[in-house]
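The primary structure of each chain is shown beneath.
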Amino acid sequence: LQESESENRLDGETASDSESKSEFGGSSPVPTSDDTPEVLNRALSNLSSRWKNWWVRGILTLAMITFFFIIIYLGPMVLMTIVMCVQIKCFHEIITIGYNVYHSYDLPWFRTLSWYFLLCVNYFFYGETVTDYFFTLVQREEPLRILSKYHRFISFALYLTGFCMFVLSLVKKHYRLQFYMFGWTHVTLLIVVTQSHLIIHNLFEGMIWFIVPISCVICNDIMAYMFGFFFGRTPLIKLSPKKTWEGFIGGFFSTVLFGLLLSYVMSGYRCFTCPVEFNNDTNSFTVDCEPSELFQLQEYNIPVLLHSVLAWKTVRMYPFQIHSIALSTFASLIGPFGGFFASGFKRAFKIKDFANTIPGHGGIMDRFDCQYLMATFVNVYIASFIRGPNPSKLIQQFLTLRPDQQLHIFNTLKAHLVDRGILGSLEDA
Amino acid sequence: MSARRRRRAAAEEEEEEEEEEEEATEAGSDKEVDLEERLRELDLRSDSDIPDVPLPTDSTPEILKKALSGLSARWKNWWIRGILSIAMISGFFLIIYLGSFMLMLLVLSIQVKCYHEIITIGYRVYHSYDLPWFRSLSWYFLMCVNYFFYGETVADYFATFVQRREQLQFLIRYHRFISFALYLTGFCMFVLSLVKKHYRLQFYMFAWTHVTLLITVTQSHLVIQNLFEGMIWFLVPISSVICNDITAYIFGFFFGRTPLIKLSPKKTWEGFIGGFFSTVVFGFIFSYFLAQHQYFVCPVEYNSETNRFVTECEASELFQMKKYSVPPLLQAVLGWETVNMYPFQMHSFALSTFASLIGPFGGFFASGFKRAFKIKDFADTIPGHGGIMDRFDCQYLMATFVHVYITSFIRGPNPSKLLKQLLILQPEQQLSVYKTLKSHLVEKGILQPSLRG
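Chains as they are written, first to last, in my numbering: chain D, 1 to 429; chain E, 1001 to 1453.
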């Protein structure tokens, strides 16, 4: 009997299991206490609970959006830091859920290992990004140069250390639990860390590529909620009973319109449209450049169908606005699948919210669940349709090759240019 | 035991209450309750409660059985393992002889089989044969990820072949977008396939699939990239791992006394250390022989005229004999003052050391995995040895290590990839890059300014 009890304790179950209604015994991981600030509580004390909830959510939404504007104003460096913090908090939330599901608080090694893996993967990704964008800075400073030259090797060695520690930490009765947590950690890293790095890549492309997608997703969330609130009737999917077709379609059209307007306003400002560059002399980020043709007004002919509606023959638009239609469409049609995935996840593990960081909204993950796919989509979109490879970056890579390789590439390029008639064969440019 | 029974009763009560709250009871609710119960039990019990997965049947071929019928069980097992080892090694040599293309196919088939083995274990653990969607989705994801990786790597190597065909150009240019769209389709199908009572199971299988893809597919692609670098970079690491396996086993068999790690009680320190030294010596000698032949040493290139893979080149300096001075300590032992070696043999030290010291951790990981899920072998594909995964578990980390080693210490960025990117640029950009490169090359004296070449 004693052995079975000790086994029970190892499983993390305590005497309060049978009393708890929650699926996984022990103390419920989702605190049921209301942690809306006192101030709000008093102000809204006489409203009914439905409207109270609406007001709390509304106020917090405005607070978050204001916060978003402030950090945009503060610049790319602060944005990068915020993205990093959000990433760490999301990772923490999901890992905590994993611990609760598997009662694995008794494996102290594992918490350390999860954070260690997070550190390794971040080191790897930041190293790759930093090497690209801060190339000249890195080449100048000796220790940075060595770190960047052997970067992959160092990252791999760090990861391996973590892997070997995991293998050595396998304890007889807990193999399965440990493997589950190992898998859980890796999938979380895959989701959270890769997305946040793609966001930073998008940011460096130009702040507009960061702001417009995120705003479209937020707008779609809010608009779909509003349309659903006022006109909602037909349920959309069994996973999220609160979502309705009316909300979905209303949100789609509003988001496209919003995207068009926001892009129009933003394309006029250089600080949003220029790629973020690191200025070696001033040692700070600058956003200053010739606006690319994407951000120069062009005349477009309106299709004949819309002539009667709009009474204009041509319209002046930025080409970027056409791209914004693609971004908003993705945000409204496919973005919600990220939300459904998160809803399914919450139902699977019987939790109401990921955490309760934000009153009325839940955890950070609850706000960012629709953003997952968006960041990858924008990154892939930019790489496929907007820009090709960066010529200066290519030249940098070229300079690191061996002379015979350089010659080979040079000759192939020359032959290609001559072939296309771009370079006359007799020309000695 | 009464505490447990009480807990289980309370849990069942909870479950039934929740059932009633959520919806009207259906005829099939018993089955779903049972499933939820099973899931909870899977999560909450400690390892010792989990029943063993049924052992696979003995699949040794009849001929072997008859030939060995007279021997005792221990020697019989040894003979089966031995014969199969020799068969596998011969098969390996045969495929090497047949060339790089066959090797690529072999790597691909092994990857698919490993994936299949691990996914099957997942099904058995979670009893999720009842979710037919999921099998299709797993194979679909495998196909997507392979498409993405093959598109990225193979496209580099077949640059000239691809340039000529229009449809391929389109596929290459928008490759990332197409791969992402394919993956997204799978993701959306997964979300749409979520069934009310099986959410957790489906999420587990989703995660299981992704981790498996991460392990098997990335490794196999790194193996292929190593292969393209030169067949020696493929052969020496794999052989070192195999050699370490075999010699550690032999040393352990004859001299083994001190156990190495609780995970694998059969491994001993004597086997580990003996295996280490034998593998280093083996790697050293094996590299010496391979480094002499162009077939092994040259990067694999695709010749668009003959439509075949060719391995012909000027041997790089890694594969040219050099004189090394023997350190004074070893001079007394060996009686030589200098020795002729290939620089590659120095690198083979690093490779063999990794194969013997860190490679086994891959094996321990797989042993831990098998113990966690109470299986004896991954599958029973190879008689006497188990599944394909059982043979390849130590190779995981090796492929990544070799790749990282090559990119960090041997060569810089991949020239063909750079070339491909150059060719995608806009014509004005290409022209400006051309001018910059030309001035750089002239400055460095690599290109004569007056020559038009």
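Each hint should be verified, as a subset may be incorrect.
List of simulated lysine-lysine pairs, DSBU-like, C-alpha gap at most 35 angstroms [claimed, not checked]: (1) E/K1196 <-> D/K52; (2) E/K1444 <-> D/K173; (3) D/K172 <-> E/K1323; (4) D/K352 <-> E/K1113; (5) D/K350 <-> D/K173; (6) D/K149 <-> D/K414; (7) E/K1113 <-> D/K242; (8) D/K173 <-> E/K1322.
What the hints contain is simulated information worked out from the structure, not anything from laboratory work.
> Checking against the hints above, which ones are violated?
Replying inline: Of the numbered hints given earlier, those the structure breaks are 2, 3, 4, 7 and 8, listed in rising order.
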